[in-house]
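Same order as they appear, the protein sequences are chains A and B. Quick note: the first sequence uses the numbering used here, first residue 1, plus one each step. Quick note: the second sequence uses the numbering used here, first residue 1, plus one each step.
These are calculated hints, taken from the structure and not from any lab test. These figures come from a predicted structure and were not determined experimentally. In this text, a Cβ means the ideal position worked out from N, Cα and C, and glycines have one as well. Some clues are possibly wrong.
[What the hints assert, rightly or not] Selected chain A positions facing chain B (in silico; Cβ < 10 Å):
hint	residue
1	Gly59
2	Ala60
3	Val252
4	Ala259
5	Trp292
6	Leu296
7	Ala389
8	Leu394
9	Ser422
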Amino acid sequence: MATPSAVTSSAARPSRPVPTRRTTELVLVLAAVLTAVFGYVEVGVDLDGTVPPDAAEYGAALGVLALAAHAVVRWRARYADPLPLPIAVLLNGIGLVVIYRLDRASPGPGAASTQLLWSALGVALFIAVVLLVRDHRRLRRYAHTGALLALVLLVLPIFFPPVYGSRIWIVVGPLSFQPGEFAKILLAVFFAAYLAVHRDALALTGRRVWRWQLPRGRVLGPVLLIWAAFVGVLVLETDLGTSLLFFGLFVVMLYVATARTGWIAIGLGLAAVGAVTVGWLSPHVHSRVADWLDPLGSIAAGRGANQIAQSLFAFAWGGELGTGLGNGHSVLIGFAAKSDFILATIGEELGLTGLIAVFLLYAVLVSRGFRTGIALRDPFGRLLAIGLASIVGLQVFVVAGGVLALIPLTGMTMPFIALGGSSVVTNWIIVALLVRMSDIARRPAPGPGPVSASGEGEG
Amino acid sequence: MARIRPRGNGPQGLPGISVTGRRAGTFCLLLVAALCVQATRVQVFQADDLDHNSANQRLTVERYARPRGDILVGSERITGSEPTGGRYAYKRTYTDGPTYAAVTGFASQAYGNSQLEGTEDDLLTGTDGRLAGWALWDAVARRQSPGGDVYTTLDRAAQEAAVRGLGGQQGAVAAIEPATGRILALASTPSYDPGGFAGHAAADQEAWNRLQADTDQPMLNRALRQTYPPGSTFKVVTAAAALANGVVTDPDAPTGAPYPYVLPGTTTPLVNDTPACDRPGLSLSAAMTASCNSVLGYLGVRTGLDRMVAMAEGFGFNDPKLDVPVRAARSNIDTAMDGSQLALSSIGQFDTAATPLVMAMVAAGVANDGTVMRPQLVDKLTKSDGTAVRLMKPAAYRRAMSPEVAARVRKLMTDVVENGTGGNARIDGAVVGGKTGTAQHGVDNAGTPYAWFISWAGPAGSDAVPPVAVAVVVADSDATDVTGGALAAPIARSVMRAVLRR
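Sequences are here, hints too, so could you generate the full structure?
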């Protein structure tokens, strides 16, 4: 975008009203709902030859949720970025379609209706956040309490039985959720608050080692401690994906706050040490690294195809255009096909075209988050928006990279798409915060005055 | 933003969050770009390898997702498909598996495909491009045509006669319609039931392992894929070569063959099986009727290596790609031999070895006035609705000899049946020409000899090309008197009768 000319023109006509873009959002939201309904119908037509009888109900449910969220944004966040909500609706809709499709191919009770309930809860929380968090700066007050709560949430699952080798679940009767998902947001808030206050100290003090300015222990200590506690807990729970995500978030936010490349060096060094240690100590992690290095190795060894190989088979079978929804065989992946490996079904049935389209949706969502962060004026808000956007970006990379054998597999869920209540709910809260902050970033300053750089926030 | 603000609004002139945020954002977008690159690698560049990986079940799932097309004899289906309710939705069935196994082969979910089930797999599965109405649109829409049907050239009665005749013996039968090359019967015993391992369950695995371990090799297609020394049946080729090249001009005149005939360059005489042959100067006719090794060995050497090889190749020897469309094993006659080796080769010994199919082509070529037709097993291929996508067209394989020479060889062969070793093949009301063979093999000829018979037959008094030519080999009989005339000729006779009765 032509930043200088935009600034010049708005400077020339300072009274020009900032467009709200709410109608753009409405049109995109409706298009997203229709796309999801179309996918739902396609599954029915391909599997049964008829339009599924509940297609209208499904479309109505998704439509009501999406329109409710839109109405609240229109009412309470008029100037919000028009893209995050439609993207969230579309991704959530695609996820529901693919889960419904996998339900049809696997025995046992369906998961799609449960996922729809969780999505409804997610939208409810979205609405609550937009309504209640009128100014994101108020979140700073709860930063330390939040960090403590996050730690408690992360420790809790240790007292519950492991599921598929990882102790990351809290199971209460029929309900189960992953507290690590909620902890992501709390941790991002804490980092943003802490770094907003201490960024100068972190950036300026310390000693210089060769070309890198290293921070002083006194300033760095608390952050490092918190972070180590998180990662320690996660390693104990053998949830590699979430620890990788927290670690990445920490490094990115530290760099954005301080502009010290030294952080990246330290970060990479710590990551290397951590990865080697964990890979050495944990057979669970060790086997995942081995599977990543040679995904087809287990076939040559006569043990049949492992999950990564099955995942690659699914992607390959889709080719450029995919088999069409309902025509693939991604059930061959076995367990976790609806959650960690859901992307393989998208790759197989929607092809490379559909897969890249999904990646681009995430890319737009992430870049809008960063844009909001850059447009905001308060350091806390800027860091929080960037942190939340990074969470989505890093998580997409860690999950998709894992199932595509680009990096070792670390069980995590694809934001919005994968089966998992905690994940869907958490991501709706992230989008709510981004919508909330983008509204503040783009809202015209009260009364006459210089148009802030938020002008560039408009597309 | 960097332009309108002095660079480094962060602490101590370091870049501010606007700059570092952009960099971090670019980093996140690069991660997504890396994902797109990796997805393209997997889904486009590695896709073919992954699709065909042995552990990838998708090709098999697709193959059995719909009922498979059928293989037919006449208008009767000899295969079927039954729903399984499992991951592979349908399973192949065979109405009379062992009788037709040498033709159909098998289509197994666990062990792949063979014979016609293999060569015509695309059509039977439905992926053959000829089945699609609108190929491009179907490719875009990923519409799969239902499997097409394969109509064979087999004659049900001839095939059943062949299988019944072979019974419990190891052996094979190949029968051809000389004028067209249509394969009328193709049998190999002991046979197997391809339906026994069509699925992928434990019972299928057990049946497969049992067949693989069987020392009688029931899954070996002896009619197409196994060569045997043809023994005296090869004398038809030698006689044809001698007549075609002027070495013999009158089959009833003395040939000048000495007795005893000492193999050139050695002191070993070529011995005969009957004292009727043990005199010099026999005619070709007398030598064929009594199957005299010495005369035909002598004539083969007189004809010469190149001409002998050329005649044999006219019937399909030394052709490594004889596809019917199932590929037959290469029948062999050496192209570099000394005189003694050529003499032995001329009576179907030494390194000479032939499939029953090629020996049937020898009889068929003689019957069809010297023109050998390309043997074909598929009459037509149709879509599931019966529309033909390909019809068989008879095609000449090679012209082995002139019609005049062929007429003379036919006379020699009828003499064998009427007056000589092939008496067991006589059919009332029909003209039958044949040649017996009893081929020694094994170290010091210790193995049970292979009993051969090749023949053709037509209605008496007809000038038309005889409707059937057949080759029979019985490889491992427990009979005490192993000769082609005793063991193989009756089987050939019942196959020929089955065709003549049509």
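Each hint, compared with the structure:
{"no.": "1", "hint": "Gly59", "verdict": "violated (24 Å)"}
{"no.": "2", "hint": "Ala60", "verdict": "violated (30 Å)"}
{"no.": "3", "hint": "Val252", "verdict": "holds (5 Å)"}
{"no.": "4", "hint": "Ala259", "verdict": "holds (4 Å)"}
{"no.": "5", "hint": "Trp292", "verdict": "violated (12 Å)"}
{"no.": "6", "hint": "Leu296", "verdict": "holds (7 Å)"}
{"no.": "7", "hint": "Ala389", "verdict": "holds (7 Å)"}
{"no.": "8", "hint": "Leu394", "verdict": "holds (7 Å)"}
{"no.": "9", "hint": "Ser422", "verdict": "violated (23 Å)"}
In summary, the structure is inconsistent with hints 1, 2, 5 and 9 from the numbered list given earlier, while agreeing with the others.
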